[in-house]
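Between the sequences and the hints, there should be enough to build the whole structure, so can you do that?
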Amino acid sequence: MTPAIEARGIRKQFAKKRSIGELVRHPFRKSERVLALSGVDLEMQEGEILGLLGPNGAGKTTLLKIFSCLIFPDEGYARVRGIDTVRENRVKPLIGLVNSDERSFYWRLSARENLRFFARLYNVEGPRIGARIDELLERVDMLESADRPFSGYSSGMKQRVAIARALLHDPPILFMDEPTRSLDPAASLALRRFVQEQLKERDHKTILLATHNLHEAEELSDRVAILAGGRVRQVGTVDQVRRWGLEGERFALEIDLATGPVAGPFTVLSDAVEGGRRKLTVRLDDGTGFEELLRGLFDAGIRVRACDREAPDLEAAFGRILQAEQDPA
Amino acid sequence: MSRVLRLAAKLWAFIRRDFLSLVSYRLAFVLQLFGMFFSLLAFFFMTKMMDPQAEGLNGIPPFDYLLIGLAFLSYFSTALYAFAQKIRGEQMLGTLEAMLVTPTHTHFVIFASAAWDFTYGAFRILLYLGFATLVFDVRLHVVSWPALLLGVALTLLSSAGVGILSAAFILYFKRGDPINFLLSGLTTFFGSVFFPIEQLPQWVQPAAKFVPMAWSLKVVRGSLLQGQSFSELREALLILGVLTLVLLPAGLWASRIAIRRAKCEGSLVQY
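Quick mapping for you: the protein sequence lines, in order, are chains X and G.
Just so we're aligned: 246 in this note's numbering is position 246 of the first sequence, and the numbers increase by one with no gaps anywhere.
Just add 1000 to wherever you are in the second sequence, counting from 1, and you've got this note's numbering.
Think of the hints as simulated: they come from the structure by calculation, not from any bench.
Glycine included, each C-beta is placed from N, C-alpha and C at the ideal position.
Check before you lean on any hint, since a few could be wrong.
[Claimed, not checked] Partner residues are not named here, just some residues of chain G that face chain X (Cβ under 8 Å, in silico):
1. ARG1017
2. THR1095
3. LEU1100
4. ARG1234
[As the list claims (entries may be wrong)] Derived contacts from chain G toward chain X, CB cut-off under 8 Å, selection only:
5. ALA1009
6. ALA1098
7. VAL1101
8. THR1102
Right, here's the structure in full:
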């Protein structure tokens, strides 16, 4: 089956900006190059939401711009439903881009006037434009404010209009670049809910979501990809990525204070007394499961008062992946 | 919807967008009209000091001569600056990227961005002519409408060619616009805008032959003020046509290169 989007070996360098002084001194010298992407491979299936995570400068926006036909890759290719993004006339009707830049609208015009203008550029047929705009404004809950100048909207409202714009031509694939970056927690929550309920569950859109917000990625994504140093370092379900770099499952145990040294099919990572209780963190040895853990503790005569499987943390996994990228040895 | 109708609808959307933006600044719009009127008034009294028998005027009253030069220079300036200014403005507004992800060709976005400026420029010419005939008693008598319309169309296209070249410079170099600087100065000086080329030393007069505005004004003044026929204007129209055939493809070619490079460099939406 043809993937919804696919990137293979994408490499992209940018010229470093030169100062005026340097331009005067060496007008014909070639600019220094900065590597943004160095062999990105990525694939998404139809209807999937993939969270693209990475530190600043990792190349997330560059990758989205390549998929959006705004930048050509130096090497490799990006395809949307099997069509190379260099063939922009065929790709653009399939995609919508939502970015966090509030400036990408005409602030003297209203939301409706802005959408009317962009609807034409998206080839929405004339007689359908009014109804389509009303439908989208209603979906993003902007119908009542649609005729006010864009400059008077809050950040959340502007972002909702940006989503409406990206949906004007009903594209099957959406690229979202930090859509909640400038939003307050309530607006951010509302937008996440909209993506989940409207775009994913109702419309079954394929969404590539570039974000810094790990919580957002965890909540919305079917899979996440970690981009660092211009490459995709890890890609998998949220749970798979969370567990990356963790050897064996971890459990937090609470045992009797009087218990002596603890041993079993596990490694003790921490052992401390807190609030009159002895608390341990253990990591299971390879091939050991939860049942073996309990049996080992029982055989050793240890009374367990509480046992919790430690949920792997995406933030910690993100840190481990970045650390591994900086220190490959 | 056919492709042509779709493009026309898109063009109209650009014009409508800029019109709505303009009328949202009502005071500026009204003040601009007053500005035009008072500049004409100043020129009206200034030209009273000029010799109506000066070489090169060919019997055209100095104010009438200057009026046409002024009206069409403003149009040429619009063409020269509109593409580059609009692209730069859209880059700075952040709206260029939003337009370029739509299924509308990049070239079309660049050309259509300036559509309102051309429309408004034509409206300004009509206003100049309206003020001139109604307030300053300038007599216009057109003998050959085809010559006039062809002259205006060629003026539009040759100016657009230069304007697109200028926009290509902005896309390519991001800053500095030597084409505008050079052409604006050369056109004002050699284009017979404010004075006939015959007033300049004879050895520099041939330079005017390469300035499209000089030929445009020859056609427009001949049509509007001297009542010249198509055959009398044929030579000027032919040269203007040749200049258009050089400038327009050159502009399109340069913009194609600039867009391609900007997409490779990733600098299309940078400013």
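So, going through the hints one by one against the coordinates:
no.	hint	verdict
1	ARG1017	holds (5 Å)
2	THR1095	holds (5 Å)
3	LEU1100	holds (6 Å)
4	ARG1234	violated (41 Å)
5	ALA1009	holds (6 Å)
6	ALA1098	holds (4 Å)
7	VAL1101	holds (5 Å)
8	THR1102	holds (4 Å)
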